[in-house]
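First to last, the sequence lines map onto chains A and B.
The opening residue of the first sequence carries number 942 in our numbering; numbering runs sequentially from there.
The opening residue of the second sequence carries number 603 in our numbering; numbering runs sequentially from there.
Calculated directly from the structure, the hints in this document are not laboratory data.
The beta carbon of each residue, even a glycine, is placed where N, CA and C say it ideally should be.
Be a bit skeptical, because a hint or two may be false.
A few chain A residues that face chain B, going by a derived Cβ cut-off under 7 Å, partial list only [what the hints assert, rightly or not]:
(1) His1073
(2) Val1212
(3) Leu1246
Restraint-style ranges between C-beta atoms, simulated for each label pair [what the hints assert, rightly or not]:
(4) B:Ser872 to A:Gly1050: 37 to 45 Å
(5) B:Glu708 to A:Gly1050: 54 to 62 Å
(6) B:Asn931 to A:Gly1034: 52 to 60 Å
(7) B:Leu733 to A:Ala1061: 30 to 38 Å
(8) A:Gly1159 to B:Asn619: 24 to 32 Å
(9) A:Leu1162 to B:Asp804: 25 to 33 Å
(10) B:Asn658 to A:Ser985: 20 to 28 Å
(11) B:Leu621 to A:Gly1159: 19 to 27 Å
In case you want the letters, here they are:
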Amino acid sequence: MIHVLARRIMILIPMLFALSVIIFAVIELPPGDYLTTYIAAMESRGLQADEAEISRIQRLYALDRPMYVRYVRWISGFLRGDLGRAMATEYAGKRVTDILAERVPLTMGIALVSTILVWAIAVPIGIHSATHQYSAADYFFTFVGFFGLAVPNFLFAIVLMWVVYDFTGFGITGLFSLKYHDAPWSLAKLADLLKNVWVPLLVLATAGTAGMIRIVRGNMLDELHQPYVETARAKGLSERRLLWKYPIRITFNPVVSTIGWMLPAMVGGEVLVAIVLNLETVGPILLEAVLSQDMQLAGSILMILSVLTVIGTLISDLGLVWLDPRIRYDA
Amino acid sequence: MAQNLSAAKAYEYTSVNQLMWRRFHKHRLARIGGAVLIVLYALALLSDYLAPYDANTRLKGFRDVPPSRIRVRDTNGTWQRPFIYGIERGRHPETFREIYTEVTDEIVPIEFFVRGDPYKFMGLVDSDRHLFGVSGENRYIFLFGTDSISRDLFSRTLKGARISLFIGFAGVLISFLLGCLIGGLSGYFGGVVDEVIQRFIDLVISIPTLPLWITLSAAIPTDWSVEATFLAITVVLSLFGWPGLARVVRGKLLSLRDLDFVTAAKIGGSSDLNTILTHLLPNFASYLIVSVTLAIPGMILGETALSFIGIGMQDPGVSWGVLLQETRNFAALAHHTWKLIPLLFIIVTVLMFNFLGDGLRDAADPYSL
C-alpha cells in the first residue's frame, strides 16, 4: 500500500510540471500580451498610453523577456507561494494572494455546501429509484434527472433571478447587498449573505443532483441483481440490512471517485453561474484575467485548480481501495 | 408446444443486428428522441426556406416586438384564413417603455410561398421563396418576437440551430477520431505504450475543462469569419472530449485482444491495422455509438455557454448561445419573456439526445436482461 502511494506521488511531480507548461502555453497562446490589452483599453478611453508607463509595465511583468524566462519567473514564484501582482484592469497591482484570499473561501464554501446538498438529495433518491424501479416515483425522478441535465445551469440561474424578481421585486445580484459589500464580517453581513446565497446554491445543487441521481440509480441497479445479494437474501438477512451492508456500499464508488474533481468541477461549473449572478467568487475574475491575458492571475487560478484535481484524484483513489474490497493495487 | 419451439428457434436464428433493432424499438423514449432530433436537424437544414426572413435582416422600427398572435377569427367573430393583426408602436404612459398594440381593423393574412430575402437553398440553388410570410408595407410576422435590434427571433432560432446542432456532430467527430486512435494504440499494444498514453490521459483529464475552454476560446480572434470561428470552437470543444472515448476503446481492446479469434487472425497474416478495423472494432462499435451520442449534448451545451458569455460565436454568426445573450439582463427579461424561446430548443435537443443515447445503450447489449 505504502509502495503504491509512493509511486503515485512520484508520478504527481512530472504531471504537475507538464500541467504548468500547458497552462502557461495556453494563456500565452493568443497573439499579443497584457500590454496590448492595456494599450487598447487606454486608447478606447481616448488616452495615449505614455512610454514610461509602458516600459514600467513591461519591466514589472518581464514582458520584454523571452517566453521561457517568464515561465520560470512565474512557476518559481508559484512554488515559493508568491503569486505576483495582478495585471487585469480592475485589480491591477493588487497581490494575487490577496485577491484569492478574499474570494477562495467563498468559492470553497459554496462548492462544499452545494456538494453536500447534492449528496444529501441525490443518494437517497437514487437508491429509492433503484429499489423501486419503474414505480411512479422512479419515473418522476428519472424525468427530473434528465431535465436537470438538459438545462444549462447558468440559464437556470437567469430564469430563477427573473422569477424571483417578477414575484417579489427583489433583484438578486451578488452574494451581498450593496450596504454590506465592503463592510467587515459581522452577524448582519452573514444574515445578508444567507439571504442571497441560496440562489447559487440551488442552481449548483440542482445541476449536480440530476447527474448524481442517474449515477447512483444505475450503479444500484447493477448491484441489486448480483448473486451475492441473492445469497444474503437467501440467508435471511432483512432487506434493509442487506441493502445497507452490501449494494449501497458499492454504490458509493462513483461518489467517492468523483470527490477528487468535485471541487474543480464546481469551480468550473460555477464560473458561468457566478458571472450571471455576479458572485464574488473565483469564476468571474478568472474570465476577466483570461481575457486580458493576465498570466499572474489566470495562471495561478488554473494551476491551483489543477493541483487540487490531481491531489483530489489521488485521495479518491485511496478512498476507493478503502471502500471497495474488490479493488487492489498490487503493483 | 410446437409454437414455443419455433419461437425459441426464431430467437436463436435472429441476428445480433435484429436483436439490437428490437431492443431499440422497445424503448419508446428513444424512438421519440430519434424522431424529434430528425425533425430538429431538418428544420436546421431547411432554415433558409422555412424562416420568413434572413437571420440578420433588421426590420426597422420593430425592436423587442412580442410574438405575433396567429388568429382565425376576427373581432366580428367571422372565421378567416389564418391572419395576424397589424401592430402599432406606442409608449407605456408611466414607464415610457416601448409597447406594441394590435390594430384590430388591419387584418394581415398569412401567405405561403412568398418572395422575400434571397438565399441559397442548401447552399446550391438561388431562391427567394419562403414557406410563409406576410405582405404589405411595413408588415411582418414574428412567430417568436424580435430582438433588441429588430431581427426576427424565429428566423434566428432556426438559423442558429445549424451551428448549435452541427457543432456537436463536428466536435464529436474529431473527439471520436482522436479517442479511437489513441485508445486503440493504448489497448492494442499495451505495455509501455499503454502506460505512457494512460498517464497522458490522466493529465488531460486533470485540466479543468470549462476554464480551459474559456481560455482557448478567448484566444480566437474576434475578426475571424463565422465559418472559421465555428471551426475553431469545434476544435476547442473536441480537444477535451476524447479521453473518455479513448478509455472505452482501450478497455474493450484490452479485454478482446487475447481472445482466440484475434490470435487466429494474426496467425492468418492479418496486419495490426486490419486486425483492429475488421476483427476488433465491430465488437464494440455499438458502445462507441452510445458514447458518441451521449457526448454530443455536452458539446452543444459547451457552445451555448461560450457564446453566451461572449467568447464563442460572435455576431453576425447565429447560434442559440448567441441568441440567449439577450437574456442576460433579468430585469428586462420580465418584459421580454419570448427571448427565452431558444432555451426551450436547447433543453429539448439535449433531452432528446439523452433519451436516444439511453435507448442505444440498451440496444448495444442485446443479450443482457
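Hints versus structure:
no. : hint                              : result
1   : His1073                           : violated (18 Å)
2   : Val1212                           : holds (6 Å)
3   : Leu1246                           : holds (5 Å)
4   : B:Ser872 to A:Gly1050: 37 to 45 Å : violated (58 Å)
5   : B:Glu708 to A:Gly1050: 54 to 62 Å : holds (58 Å)
6   : B:Asn931 to A:Gly1034: 52 to 60 Å : violated (31 Å)
7   : B:Leu733 to A:Ala1061: 30 to 38 Å : violated (51 Å)
8   : A:Gly1159 to B:Asn619: 24 to 32 Å : holds (26 Å)
9   : A:Leu1162 to B:Asp804: 25 to 33 Å : holds (29 Å)
10  : B:Asn658 to A:Ser985: 20 to 28 Å  : holds (26 Å)
11  : B:Leu621 to A:Gly1159: 19 to 27 Å : holds (22 Å)
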